[in-house]
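A.B. asks: The residues making up each chain are set out below.
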Amino acid sequence: MSDRIIDKAAAELAADIREGRLTSVEVTTAFLDRIDAVDGTVGAFLHVDREGALAAAREADAAVAAGESVSPLAGVPIAVKDVVVTKGLPTTAASKILEGWIPPYDATIVERVKAARMPILGKTNLDEFAMGSSTEFSAYGRTANPWDTGRIPGGSGGGSAAAVAAKMAPLAIGTDTGGSIRQPSAVTGTFGAKPTYGSNSRYGVIAFSSSLDTPGPVSRNALDAALLHEVISGHDPRDSTAVDAPVPPVAEAARLGATGDLSGVTLGVVTELTAGSDAAEPGVVEAYRAGIDQLVKLGAQIREVSCPSFVHALAAYYLIAPAEASSNLARYDGVRYGLRAGDDGERGLEEVMSLTREVGFGPEVKRRILLGTYALSAGYIDRFYGQAQKVRTLVKRDFEAAFEQVDALVSPTTPFTAFKFGEHSEDLYRMYLADLYTVPANLYGGPGVSVPVGLAEGLPVGFQVMGPVMGDDIAYRVAAALESTQEPLLADTAPEIEGK
Amino acid sequence: MTRLNTYDAAMAAYEPVLGIETHIELDTNTKMFCGCSTVFGAEPNTQVCPVCLALPGALPVANKAAVEATIKIGLALNCSIAEWTRFARKNYFYPDMPKNFQTSQHEEPLCEDGFVDVVVDGESHRIEIERVHLEEDTGKTLHVGGAAGRIHGATESLVDYNRAGIPLVEIVTRPVPGTGALAPEVARAYAAELRDIVRSLGVSDVRMEQGSMRCDVNVSLNRPGEEWGTRTETKNVNSLRSVERSVRYEIRRQSALLDAGDKILQETRHFHEATGETSPGRSKEEATDYRYFPEPDLAVMEPSRAWVEELRATLPEPPRKRRERLQAAWALGDKEMQSVVNADAVELIEATIAAGSSASGAVKWWLGELSRRANESGVELDALDIAPSQVAELQGMVDDGRLNDKLARQVIDGVLSGEGGPAEVAAARGLEVVSDTGALEAAVDEAIAANPDAADKIRGGKHAAAGALIGAVMKSTKGQADAGTVRRIILDKLS
Ligand SMILES: [Zn+2]
Chain P
1 MSDRIIDKAA AELAADIREG RLTSVEVTTA FLDRIDAVDG TVGAFLHVDR EGALAAAREA
61 DAAVAAGESV SPLAGVPIAV KDVVVTKGLP TTAASKILEG WIPPYDATIV ERVKAARMPI
121 LGKTNLDEFA MGSSTEFSAY GRTANPWDTG RIPGGSGGGS AAAVAAKMAP LAIGTDTGGS
181 IRQPSAVTGT FGAKPTYGSN SRYGVIAFSS SLDTPGPVSR NALDAALLHE VISGHDPRDS
241 TAVDAPVPPV AEAARLGATG DLSGVTLGVV TELTAGSDAA EPGVVEAYRA GIDQLVKLGA
301 QIREVSCPSF VHALAAYYLI APAEASSNLA RYDGVRYGLR AGDDGERGLE EVMSLTREVG
361 FGPEVKRRIL LGTYALSAGY IDRFYGQAQK VRTLVKRDFE AAFEQVDALV SPTTPFTAFK
421 FGEHSEDLYR MYLADLYTVP ANLYGGPGVS VPVGLAEGLP VGFQVMGPVM GDDIAYRVAA
481 ALESTQEPLL ADTAPEIEGK
Chain R
1 MTRLNTYDAA MAAYEPVLGI ETHIELDTNT KMFCGCSTVF GAEPNTQVCP VCLALPGALP
61 VANKAAVEAT IKIGLALNCS IAEWTRFARK NYFYPDMPKN FQTSQHEEPL CEDGFVDVVV
121 DGESHRIEIE RVHLEEDTGK TLHVGGAAGR IHGATESLVD YNRAGIPLVE IVTRPVPGTG
181 ALAPEVARAY AAELRDIVRS LGVSDVRMEQ GSMRCDVNVS LNRPGEEWGT RTETKNVNSL
241 RSVERSVRYE IRRQSALLDA GDKILQETRH FHEATGETSP GRSKEEATDY RYFPEPDLAV
301 MEPSRAWVEE LRATLPEPPR KRRERLQAAW ALGDKEMQSV VNADAVELIE ATIAAGSSAS
361 GAVKWWLGEL SRRANESGVE LDALDIAPSQ VAELQGMVDD GRLNDKLARQ VIDGVLSGEG
421 GPAEVAAARG LEVVSDTGAL EAAVDEAIAA NPDAADKIRG GKHAAAGALI GAVMKSTKGQ
481 ADAGTVRRII LDKLS
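Respectively, the protein sequence lines represent chains P and R. Counting along the first sequence from 1, when you hit position 452 you're at 452 in my numbering, and nothing is skipped either side. Counting along the second sequence from 1, when you hit position 432 you're at 432 in my numbering, and nothing is skipped either side.
In short, the hints are calculated from the structure, not lab data. Misleading hints may appear alongside valid ones.
[Stated by the list, open to error] Derived lysine-lysine pairs resembling BS3-like cross-links, with alpha carbons at most 27 Å apart:
{"#": "1", "chain 1": "R", "residue 1": "K475", "chain 2": "R", "residue 2": "K457"}
{"#": "2", "chain 1": "R", "residue 1": "K90", "chain 2": "P", "residue 2": "K390"}
{"#": "3", "chain 1": "R", "residue 1": "K475", "chain 2": "R", "residue 2": "K364"}
{"#": "4", "chain 1": "P", "residue 1": "K366", "chain 2": "R", "residue 2": "K90"}
{"#": "5", "chain 1": "R", "residue 1": "K478", "chain 2": "R", "residue 2": "K457"}
{"#": "6", "chain 1": "R", "residue 1": "K475", "chain 2": "R", "residue 2": "K462"}
Generate the whole structure from the sequences, applying the supplied hints.
C.D. replies: Take a look at the structure:
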């Protein structure tokens with residue numbers, strides 16, 4: 001292994017800090033310096049908090065020196081998607097409408113990160129309000145894929161994935177509404193997990209679609225993600241939709257998976273996500289099949305299962321998520337915080353509210369607000385929102401039926417590798433297809449993880465493992481097992497970035 | 001000018017259908033979806049947090065005490081309590097609504113299908129309750145710089161979010177036909193009964209004048225045998241008296257329009273306390289599409305049957321039963337008790353008796369003199385500036401012979417104009433029955449001297465003639481003598 005701090009995985013850094021080989025200040029400084037060196041090229045961060053990160057690092061070092069019992073990730077710095085609220089740090093959701101807003105409170109998962117003594121390096125770029133699959137819809141500029149800076153890093157969490165892929169952070173927090181953790185991880189060669197809905201608090205996560213949004217970890221490997229998962233997971237009385245149950249033992253599962261033994265595990269290949277593969281690129285299909293072969297070699301049983309409703313999942317998603325978003329984003333009106341446009345003493349209140357939204361929201365956000373408003377309108381709600389909810393019920397039933405037969409479901413994470421900037425900007429349907437394989441798990445509520453499974457024409461491909469609700473551990477175990485067959489890991493072989 | 005029919009002319013031709021939606025602010029310690037205090041009257045925007053200001057990322061958590069209070073209201077209104085219920089978002093933009101949607105309930109209210117019986121003129125009317133649901137209040141907007149707080153011409157609009165998120169229960173009746181000319185009284189009796197029921201549960205202070213109970217009153221008219229007419233909705237009617245007046249006014253206004261062959265617009269209207277009139281508000285034709293959908297930020301609620309039964313067991317004696325009990329205890333006839341109820345004086349009389357008054361005395365003051373004063377000033381009885389304990393004190397002074405009725409009325413004048421309690425007023429104004437017999441005897445001698453004819457008649461055995469002398473003595477003592485004592489002295493001297 002390399003001696004560079006930034007090349008190390010989070011678990012290794014944590015051990016070095018705990019055992020006195022490194023300090024958190026050294027580690028944090030190394031990542032901050034890396035950000036300074038290469039983020040001009042990548043554009044993963046919207047805001048870097050050098051002082052705050054170093055202050056937290058010093059406190060972590062003091063706690064370790066004092067022999068306090070610290071979390072397994074104490075002292076390891078982290079990047080946070082800018083849709084997660086951080087007290088005293090700008091939080092914009094990559095939207096002009098929140099420009100300059102400084103939150104007076106921390107999201108629950110941020111409180112937990114801080115309690116675990118993990119310094120926060122800064123806030124990462126995303127598609128505005130997490131709506132997109134390429135991070136091109138950020139109001140604050142684009143983020144490049146470290147594997148090819150002419151290509152997108154996925155979305156909406158392109159910033160978090162690119163930060164980890166470019167070694168500007170060993171860990172990051174993302175949010176996944178239809179694939180916004182998994183798809184960016186897939187196209188940047190990183191590991192990303194969408195936990196069971198409700199197992200990670202949404203309190204302080206700026207809402208896109210309340211019934212789908214799930215914060216989760218982005219990392220270089222399965223174990224790191226699992227350790228972060230355990231830091232941020234768990235019941236939160238401030239989130240009424242939070243699951244009040246013990247956190248599945250994901251770190252233990254990742255370690256078990258890493259032993260490479262999957263005997264006794266049955267995996268389901270979903271016909272509707274792979275057969276025909278009309279959407280998937282050949283290179284993606286090839287890498288995915290190679291992954292299946294590896295899993296079989298580790299002792300897994302493969303069974304084909306049919307989930308007929310999955311073919312309608314994307315359409316249902318594009319009604320439910322915008323419908324909820326149209327209501328969730330109504331609060332951005334310039335009255336209480338954020339941007340206020342046209343308040344010249346002449347215009348009335350309603351005009352100012354309207355103008356603020358006109359100026360403050362970007363095109364994709366407006367498109368989805370319109371779509372969602374329409375889907376909820378009198379005379380249309382039954383045909384659109386109502387039908388979509390029925391599909392959602394069917395998707396849940398398909399998952400439940402599948403998990404009667406298999407322990408986990410597998411598929412490619414996304415149909416195609418990182419595309420070029422602007423490639424799908426004119427063809428949004430093609431862009432929306434990026435979430436084709438990830439959306440079913442969101443509608444169902446169960447966990448889905450994306451693990452790198454090789455390259456297609458030099459670009460990373462992700463392999464998705466989906467588990468039953470609160471069965472996050474089986475997803476981690478299978479993903480970690482597959483990861484054990486990948487030598488070296490993609491995260492360790494990413495091309496060097498030239499600083500600008 | 002709005003044309004109005006006389007009420008009698010309206011009732012000769014039309015039948016009214018009523019419907020009442022009532023909003024009641026619960027007096028839970030904390031708001032509906034956050035931990036902020038609900039105390040009334042704090043400095044603007046001091047009782048707020050990320051949740052009730054709708055900061056990005058904030059999430060609601062339902063207040064269990066509010067759910068419990070709503071279930072109690074539902075049970076007291078004979079409703080069935082949902083086994084599965086959830087919140088819904090009512091989407092519309094308004095500056096004093098932080099989220100630009102109201103978290104309310106739509107298709108799955110907490111309580112459904114109840115009723116309330118009210119008695120008007122000895123006749124019982126059943127008001128059916130369609131639903132009782134839980135929602136949150138909005139903030140308050142203050143327009144500064146324009147005329148009279150109106151948005152037009154205002155230079156600034158200030159929003160106070162202290163009220164935003166206070167739990168609000170909405171109680172909706174089914175349409176109420178068949179009340180005929182009693183419609184205004186039935187509407188009022190329903191509002192009064194509802195208020196008494198909620199007050200008895202101890203879940204709200206239900207003060208209409210403070211806005212913790214507000215009625216939206218729907219009225220339509222139809223000719224006998226025809227379909228129900230188009231209804232208007234008079235918003236935020238803020239006293240029992242106004243409920244009655246607004247119905248009466250709408251009946252007179254709508255009937256005049258219908259007589260002229262005009263259509264009734266389906267619209268919301270505003271009630272003006274000063275004039276007793278309603279004026280048009282927002283027309284329903286341009287009404288917002290609220291785009292209701294289930295609130296995804298809040299878990300579904302499934303009140304367990306055991307919990308519901310537990311709450312049912314804690315319900316207090318219903319106000320109607322209580323009134324029957326009090327009627328017997330106070331030895332009142334049906335008519336008298338009805339007057340007490342109509343005057344909204346049950347609680348006041350009860351409190352007066354509790355403060356030491358006789359039942360007859362308490363009833364006499366509240367139904368007589370005090371009702372008259374309230375009517376004159378156009379306020380509710382309980383808004384008069386006199387406490388039940390002061391009425392009890394007053395009656396005590398009468399019982400002790402320190403005041404007669406006439407003086408007592410003057411004492412009431414003083415109490416109502418803020419001069420202090422009855423004893424203070426009596427002392428300050430020098431109002432006390434003259435019990436000094438020396439002074440009275442002198443006054444009687446004077447009266448005898450001035451009325452020799454009357455004196456002779458009494459000496460001749462015509463005791464009825466004493467009245468003239470008593471009157472003269474009362475006049476000379478400015479009413480401060482006790483008439484009985486004066487009579488006795490006169491008879492002693494002349495027979
Ligand atoms: Zn609050």
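A.B. asks: Each hint needs a verdict: does it hold in this structure or not?
C.D. replies: Evaluated hints:
no. : hint            : verdict
1   : R:K475 - R:K457 : 21 Å, holds
2   : R:K90 - P:K390  : 22 Å, holds
3   : R:K475 - R:K364 : 25 Å, holds
4   : P:K366 - R:K90  : 20 Å, holds
5   : R:K478 - R:K457 : 25 Å, holds
6   : R:K475 - R:K462 : 22 Å, holds
Every hint from the earlier list agrees with this structure, and none is contradicted.
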